[in-house]
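Q: Residue-level listing of the chains:
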Amino acid sequence: WVGKMVVSSQLENANPLIYQRSGERQVTALEEDEDVVDKIDDREIFDILVRAEHPLSLEELNVLEQIRVKVSDEESAVSVEFTPTIPHCSMATLIGLSIKVKLLRSLPERFKVDVHITPGTHASEHAVNKQLADKERVAAALENSHLLEVVNQCLSARS
Amino acid sequence: MAEDSGTLWGLVEEFVTGQQDSKAAEVASGVKDGDFTVLQVVESLGSCLANTEPRTRSRGVQLLSQVLQQCYSKLTEKEVEVLVVFYENRLKDHHLIVPHVLQGLKALSMCDVLPPGLAVSVLKSIFQEVHVQSLMQMDRYTVYMIITNFMKIREEELKNLGADFTFGFIQVMDGEKDPRNLLVAFHIVHDIIAKHYNLGPFVEELFEVTSCYFPIDFHPPPNDPHGLTREDLILGLRAVLTATPRFAEFLLPLLIEKMDSDVQSAKLDSLQTLSAACAVYEQKELKEFLTSLWSSIRREVFQTASEKIEAGGLSALQSLSSCLSRSVLTADSEDYLDTVLNNVLQDCKHHLCEPDMKLVWPSAKLLQAAAGASSRACRKVTSSVLPLLLEQYSQQAQSNQRRTILEMTVGFLKLQSKWSDEEDENGLGAFKAALCSMVYSAVTDPSSQVHLAAVKALTVLGTQKGFLSAADIDLVVGHLTRLILMETDLQSCNAAIEASGSLAKIHPSAFITRMIPQLSSRLWTEPMEINANDNNGIQGNALRIRCLEALAAVSTHQSIVRETVPILLDYVKQAQEGKAAINSDDIVSVCKSLHQVAVQCQPDAESMQFYHNAVVPCLLSLTVQAAIQESGTPSTEHVLLQDAVVSAMVPVISAACTYLSPEFGASSVSRIVNLFLDGDVSLLSENNFSCKFQPFQMDASTEPQSRLVALLMACVCSLPRKVEIPHLVRLLQHLLSLSLSGRSSFAYSTSSKCFAGLINKFPTGEPLDEILQDAARRIESGLVDEPNRIQAITLLAWVTKALILRYHPLNGQLTNRMIDLLSDRELGVSVADLFSLLVSDSADILNKACHADIRIMFRQRFFTENVPKLVQGFHSASRDDKPNYLKALSHVLNSLPKQVLMTELPSLLSLLLEALSCPDQVVQLSTLTCLEPLLLEAADILSVHMDTLITKLLSLSSSPAMAVRITALKCMLALTKLPLHMLMPYKQQVIRALAKPLDDKKRLVRKEAVEARCQWFLLGSPGS
Chain A
264 WVGKMVVSSQ LENANPLIYQ RSGERQVTAL EEDEDVVDKI DDREIFDILV
314 RAEHPLSLEE LNVLEQIRVK VSDEESAVSV EFTPTIPHCS MATLIGLSIK
364 VKLLRSLPER FKVDVHITPG THASEHAVNK QLADKERVAA ALENSHLLEV
414 VNQCLSARS
Chain B
7 MAEDSGTLWG LVEEFVTGQQ DSKAAEVASG VKDGDFTVLQ VVESLGSCLA
57 NTEPRTRSRG VQLLSQVLQQ CYSKLTEKEV EVLVVFYENR LKDHHLIVPH
107 VLQGLKALSM CDVLPPGLAV SVLKSIFQEV HVQSLMQMDR YTVYMIITNF
157 MKIREEELKN LGADFTFGFI QVMDGEKDPR NLLVAFHIVH DIIAKHYNLG
207 PFVEELFEVT SCYFPIDFHP PPNDPHGLTR EDLILGLRAV LTATPRFAEF
257 LLPLLIEKMD SDVQSAKLDS LQTLSAACAV YEQKELKEFL TSLWSSIRRE
307 VFQTASEKIE AGGLSALQSL SSCLSRSVLT ADSEDYLDTV LNNVLQDCKH
357 HLCEPDMKLV WPSAKLLQAA AGASSRACRK VTSSVLPLLL EQYSQQAQSN
407 QRRTILEMTV GFLKLQSKWS DEEDENGLGA FKAALCSMVY SAVTDPSSQV
457 HLAAVKALTV LGTQKGFLSA ADIDLVVGHL TRLILMETDL QSCNAAIEAS
507 GSLAKIHPSA FITRMIPQLS SRLWTEPMEI NANDNNGIQG NALRIRCLEA
557 LAAVSTHQSI VRETVPILLD YVKQAQEGKA AINSDDIVSV CKSLHQVAVQ
607 CQPDAESMQF YHNAVVPCLL SLTVQAAIQE SGTPSTEHVL LQDAVVSAMV
657 PVISAACTYL SPEFGASSVS RIVNLFLDGD VSLLSENNFS CKFQPFQMDA
707 STEPQSRLVA LLMACVCSLP RKVEIPHLVR LLQHLLSLSL SGRSSFAYST
757 SSKCFAGLIN KFPTGEPLDE ILQDAARRIE SGLVDEPNRI QAITLLAWVT
807 KALILRYHPL NGQLTNRMID LLSDRELGVS VADLFSLLVS DSADILNKAC
857 HADIRIMFRQ RFFTENVPKL VQGFHSASRD DKPNYLKALS HVLNSLPKQV
907 LMTELPSLLS LLLEALSCPD QVVQLSTLTC LEPLLLEAAD ILSVHMDTLI
957 TKLLSLSSSP AMAVRITALK CMLALTKLPL HMLMPYKQQV IRALAKPLDD
1007 KKRLVRKEAV EARCQWFLLG SPGS
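Protein chains in written order, with this note's numbering: chain A, 264 to 422; chain B, 7 to 1030.
Next up, chain B with everything else stripped away, as it sits in the complex (with noise of 0.2 Å):
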């Protein structure tokens, strides 16, 4: 112990006399292991404590209070008494000492076992002894801390202070400056209000001292090192601002008066406060102020450009109303709501007589913010707005006006849904008759812009639960249909299209009656018999293809769907039979159609089992039994087998799978798989077939069959994972063959891809090592193979991708394979272009929708892992492959995300250089769009090579292709964003340069040239 407390006094001397820092770590430490208590280390500074001079008291004190930092959790509730008489003391003592005496009172305001009534007697010496405001920033802290550490734990006490504590903190906080200090001198403001302290007299004075910081203006430095934001202040501050409603009779006045500030940013945060306020006040805080208030907000949103001050000025309006709908009025009290929505009313309400004016929407809008606050300021305001604006469609005879008037109803009316659940009748009643006569003749007008907005009306009441009768919404679907049919204008059809999806849902039957067999026998209409009845009427073709996209758009209901997928169906079971002169663009809109619908049932697990029972075998049935009749006779195409015919089926087909439940999906894939592997037909509805169906069996008579591949890779490549594939491995050994010597490019590719697809998610192990090892060999036969190497790299190709995706360790192997065809003579340039598939996402398999085993970063990875090597390989080859290392490395760089090409973008930048004088196009193309984002970014590595850069992208400005033409231009646009002083020197010779594509014979290159000329003039000159 003696020896203890000797080194005790050597680390005290050491700290005080000898300036050395550390010491006090050191201390600490020894108290905390128990080596002295904190009374010795008070005794040892005894005598530097009483010393006369301040600045050794001073570091006595800091000493201690460094001390106790470390240990206030091990005082006892005695040592704790001692310390707090001896600091309160020493706040009295010279100012050098303050700061550390506060140090240690903070320590001790964490103190759990600091004994009654010493909290209170802290605060008042401070409140007594200090003049806070005149010390340093860090210290102010330190006061707000321990106050903050003290309501923390000694509320009651506090509390016990009375009004007395409200006005010490308010002298505390009066005049203070820093927005860190501020940020918790509001949290403090806020807790004396919202946990109820005494405000005693002080309501007004405690206003005070924190509104004199309203509005907050606050910029905090570039590089701020405490984060702190303006809104971090503006937050805080309103919190405090709105935390009572006593501060109502202050703060009103003071909102009234900044919201007449000339700076936005003031009058966006008055009439933000007053939207806070208006949650926490009642009618009795607001009367005095209303008209005020109006008439401000009113002023505000009438005159402001800018957005952001109308949606405040709208949201203020909205929760003055909301406030006012919610006070509950005495029995003799005035109804404010009634004033202030008279005052809208009166204010607003013949703006909407005027709908050419600027004011027609402003006024609108407020009208629809007051009204939108609470059910009875909707019904206040629809009422004596409706029959307005009914009046005023009847008198505006511009179709411009009518529009503007249809709107605005449209507002008002989707208003009332908000309501209607909780009222039985829901105000509009009374309008019923007169707003269906108005919409009704809308949709008749001759302008397309008033059918449009019509259309809106239309879904807008047909969606109010109950408000139109039986007959009215006939009549709807009646005046839909019209429009679907015979429409010229293109976006009223579309509207009319979109509607129904949604009405469709609600009022199902009415369009099974009303409007889906007058599609269904469009379908079958001959143009000329369009021709003999309505001369305006829309050309058979386009008729057609609205009509499918209005079977599929209504298809949002189970019912409906029960109709619309046979009809549809039915369209194609005619193209099989050869019946009506269909050609496959025809199909190809059906199975869009089909597919639609399939994605609108997914979310559905009944609808989409009956679309999938309905569709998969009908559309199998109908291309096997086309394939089977074109055996042998390979030259005359049916129609249901042409490439683009079947690509479209395959979303169709994948659709219908990717959501179906494990049970139902294997019994449905077996007899699939079934069909193709050992010709069962049993799962085709019509099965009665001159020969076998054989698609894996190579011979030109089967050609036809192979195609039909591509279906059974849409069904089996798009299951769940959990869905098990029977007969897999004998499936993949067919599947191979076919890739490899398949005959048609379409059936060895779809081969390919159906492989590929299964590969993908094949569980890892030694069966799937043996099939890739297998499928590796026999690529590596067909590419030494003359007739059969493009299916080579194809399958290669495909393979890959699948492998990379899955991280599969053998996927560098085959990657390096394809790098090294990069030089083949003969397919080359092909496998350039496999790059593209490599890193792109493909449509209809190995996507996330098909639940492909994609793991995150792949690309990345691909890039990192083979950039590197096709740089290599671009040096090394011969000048004539060069380019086809260009493209494959434009089609990888493409790709990838704008953040990861950026950090490589100083090693490859000559590279990129180099590529867009490659004569290719495509490489031209794919380099600029690559370079186009980057250009912005990268000044710093552009630097050195902007002589070459510009002089390329101008000769590319007028490249034989336009598309080239155009994103040379975005480029030279995108330029002008550089720093000044890269750009100057080339000004001149750039703007002489541009002046030519001003002249392009295309008008999309001339309006990216005057676009990027426009900016180059403006490049340093004054106003820009």
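So here's chain A without its partners, still in its complex pose (with noise of 0.2 Å):
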């Protein structure tokens, strides 16, 4: 979904360096257990974010890593690093915003979502965060229809 928005933020290098794909997480008998309990877990949250993408994904360019998402279910807190493909990505805010309202509409209630950018990877860093942080903005954000559309584009442009 981001995977457009950030390929046309980037149109200017024609031959980027493309990242493997993680394939399809398989399913294992214990998750076709019906008393089993499956914890939320890192992979299920990256799934969340990357899944059906194309043509370059998020994923792809290197924007989110697994290794970058940490969930504790016991403790109810989900935290996600991303990483803007140029230090001065304009759409930077706008990726972080996406990613923490498909999370949001994702998670139980009980989570708390923390995105912000890999450290060292943006200009901006400090204050893409704050706002990403911030609820009050973003739940603004999310009222300002315009906002909105491009969210929204983003998370329904599957394909």
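Worth double-checking, as some hints may not be accurate.
[Claimed, not checked] Within a straight-line C-alpha distance of at most 20 Å, the following computed DMTMM-like cross-link-like pairs (lysine to aspartate or glutamate) qualify:
hint : chain 1 : residue 1 : chain 2 : residue 2
1    : B       : K1007     : A       : E338
2    : B       : K1002     : A       : E297
3    : A       : K302      : B       : E1017
4    : B       : K875      : B       : D886
5    : A       : K302      : B       : D1005
6    : B       : K1002     : A       : D304
[As the list claims (entries may be wrong)] If the Cβ cut is set under 8 Å, some of the chain A residues that face chain B in the computed set are:
hint : residue
7    : L280
8    : E297
9    : V300
10   : E307
11   : R368
12   : S369
Derived by calculation from the structure, the hints in this document are not laboratory data.
Glycine included, C-beta positions come from ideal geometry on N, C-alpha and C.
Two chains, two frames, a set of hints: combine them into the complex.
A: The following block contains the structure:
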């Protein structure tokens, strides 16, 4: 979803570095067992964020990496670091916002969702992080119908 | 005659002044019937054709033209001549009249007796007198039809007109706007070129007048009555533009320009048109444009995100390369294939050295497209690219990069096999040593990704005829064997098994000597031994399963089958003798492998016969022996007699019998039937038994023997219908008895199945009716006989199924009986379950593979006949029995094609919603499964039920059964495709409710919840 936006934000780079996609998560026998409790784990969060994208996904462009997605089911906390493709990427806030909204919609209410930029990878890292952490601002952004439109486009453009 | 002419005058009068259109048809039928002649019609029109009022003249001509359209085939040469002269004159008349004149000329253009010279004269008049593009669409169409007709019947005359004809037509179509007319005009231009009309100095004009429509931008209106598609126009125009090399100098610059368009469809059309043009061009047309064409194609393939455009670009490059490859060179001309390939190599080759970057694959694909055009191109590209790839492989250390390089190499190697047939030396020879060493090193690389690519490369190298030496093949087989036996990564191992299957066909002896002995010895390795030798090795059980899979996979050649089948059978033999600690899972795996071998043998009659002779007597011997040993000791069950094992043998024997020739099948089946009916053990290899084999004897001591009826079923029910089964009636009697009074459920249900399988193929007639009457009677008495009721309904269900499939008249009666039994206190629940058997395909019998008698649409028929009864039964049933009806119904609905269900949905929907509240989870699940695909297409019907539907689905999303929760959430997702206005009232409620399953304990449920909830969020929001 956000992949398209990221690609368009860096068209100047015609031959970008491409990262390996991880394969589909295999369903295990335990997951099919009615009685076993499956905890929410890092991979599950990662899959919510990068599932089914084309042609270049956030994963292939290395904006999201599984090692930068952390979740603790017991503590009801998620933390996601994302890496803008270039240090001056103007879309950073929007990408972060889209990630945050996607998680807010996809996780149980008990979770505290923290989305921020991978340290040292963006010029205005601090400012962007602050916006993303600010509940009121996120709420206000979602009231802004233009912003909401862009975010929703990102979230619905599944191929 | 006088009277006739009076009538004619009257009709003409009424048409012309009375404005009665129907009179034209009456005049026409008068002419057809011979009441009056065409000339008389003209005479009677005389005064009005000379009238000073153009409307009157127009009306007169209209009448005449309409008559001619009906009667042109009856005209004489003389009449045609007169009429043509008349019409040509009329072309100069008032514009109101011209459309009718054209109609008349069109009728005349279809006359076979048209005198010589007139076609040319008509065309000249049209070109001179008519400004075609100011006519209405219909009338322009008529002009095109006149020209088309003349081109069909007077080609030579038209050609004598020389370039005037071409020029005339250019003027006719210049400015045409209607797509229907354009399609015809394109056909005419195509014919002008293809049939070698003289284009004279008008080549460029002809190109201009057609190419101005390129690329086609036409979107037919919705519900277009003409059925004209954009594709029709594109292909029509493409045929014109690529009809002659003489257009090349104009077309190629146009294509280069349009490839750069912002419109995707224009790019695609340009690339495809270029491909088509290359089919008729030669080097001389292309040479000036080669550099620009290449840079446009390269740009598109490098930049595009669309697979279609990439494919279009690659195929254009391939056509270009193949056009240059086949052009004949004069002594002094340059070889432009070389030039283009040098360009491609120069622009793409260096990207191959950056296997992490985006352009690596587009570059490889371009090179492969260019190389795929001809043997010459292939040799040039590979001789330049392969050394580079080989070098890169040794320089790149990361496994990702190595994998990419290997995969590219495989692509280039595959191209070779396209040409190796025509060339002795396929150009790979020089690289053989280097390629082999790269692939051998890759196949031992620590990364499994690299293995996977290496195995593909091995397969390609091994399939190139005569490329690898015997010693190399041995090495390859050695590597594959190692991967199968030692590799921990399952994917690599499976790839190695698959590769072995393809290579074994070509190099059977290497596999027989190198791989099979190893696989066979590992079958018997105890887990302990492996652990001692190799700490990283695969554990005993997994290893055994791999060996079994590999043995089956390599059985792709007759000589290998002769090796592998005895090994597999030997394993079963060991189990029978109780030698090793073999459990039922092992035997089931062996049976799976045996089945796979059978399927691979089926195309080859000789292999099949060997297989049948080796496998069927052996399995019967071993199981019969086990059953006789077991007689009298029912408590300790022999491994070969367990349900799972016997069931696994069924498909093996089935597959061995399905394709037998009638003669061979008859002799084999008769020995098998004798074994079961009379205990004749001559078929068996081991036949020194302590007591008799009596599977139909029903006492406790022979119970183990009765289970083997499953193997009898596998054989007799899968034979081709031509093969006659001896003692059939006696056999059926025995099966009937065993079905109704067998002790173990395995024995009586397989006996029922066998009975049903045979009944299904039994020829129609009195003997069949007698058998069925007898069976029905015995089922009825079984149903009242307390201990055997469950046996009776099992048999009832199978017999009913056998008869439903072949539309036997008795099926209705039996189905009714089953419906009645749904309200039986004791049996109702089981009968409801058996309904799924009636309508679903069964794996082992009564299917197409077993040559069963299955009529098309039997499910629909069953549906229409029985669903109303089930619905009615539901309404009149007591509360306790209602779930049984619902269950039966949902089984039936689930098996039906969606289209059939759609028409019935309105009447069933309220029942389905009720079924969702039924506490039985099987009913819930099958109802949900049935509803999900329907939700998308039943918006109208659903709208009144939205409240109930959403409430029920949300409540099922917290069902205790995981499968129900998952399917309920899938339905919630499917709902989001309904029209927005139906959903918006529920949006907030649903989003709140779906927060709960986001925290489900099962991941698979959460996944569906996330997807459904996110889609509900997007409903009606901006940007969605």
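Q: Have a go at the E297 (chain A) hint: is there a Cβ in chain B nearer than 8 Å to its own Cβ?
A: holds (5 Å)
Q: Is K302 (chain A) close enough to E1017 (chain B), meaning Cα to Cα at most 20 Å?
A: Answer holds: K302 (chain A) to E1017 (chain B) is near 18 Å, not above 20 Å.
Q: Does S369 (chain A) pass the interface hint, meaning its C-beta sits closer than 8 Å to a C-beta of chain B?
A: holds (4 Å)
Q: Holds or violated: is there a CB of chain B closer than 8 Å to the CB of R368 (chain A)?
A: Given a least distance of 5 Å, the restraint on R368 (chain A) holds.
Q: Given L280 (chain A) as an interface hint, is its Cβ closer than 8 Å to any Cβ of chain B?
A: Cβ of L280 (chain A) sits 6 Å from chain B, so the hint holds.
Q: Sort out whether D1005 (chain B) lies within 20 Å of K302 (chain A), counting only the CA atoms.
A: holds (10 Å)
Q: Has the given pair, K1002 (chain B) with D304 (chain A), been kept, meaning a C-alpha gap of at most 20 Å?
A: holds (18 Å)
Q: Hint validation: V300 (chain A) versus chain B, beta carbon distance must be below 8 Å. Holds or violated?
A: holds (4 Å)
Q: Are K1007 (chain B) and E338 (chain A) close enough, with their CA atoms no more than 20 Å apart?
A: holds (16 Å)
Q: With the threshold set at 20 Å, check whether the alpha-carbon distance from K1002 (chain B) to E297 (chain A) stays at or below it.
A: holds (18 Å)
Q: Does E307 (chain A) pass the interface check with chain B, least Cβ-Cβ distance below 8 Å?
A: holds (6 Å)
Q: Would you mind confirming whether the straight-line C-alpha gap from K875 (chain B) to D886 (chain B) stays at or under 20 Å?
A: holds (18 Å)
Violated hints: none; the structure is consistent with every hint.
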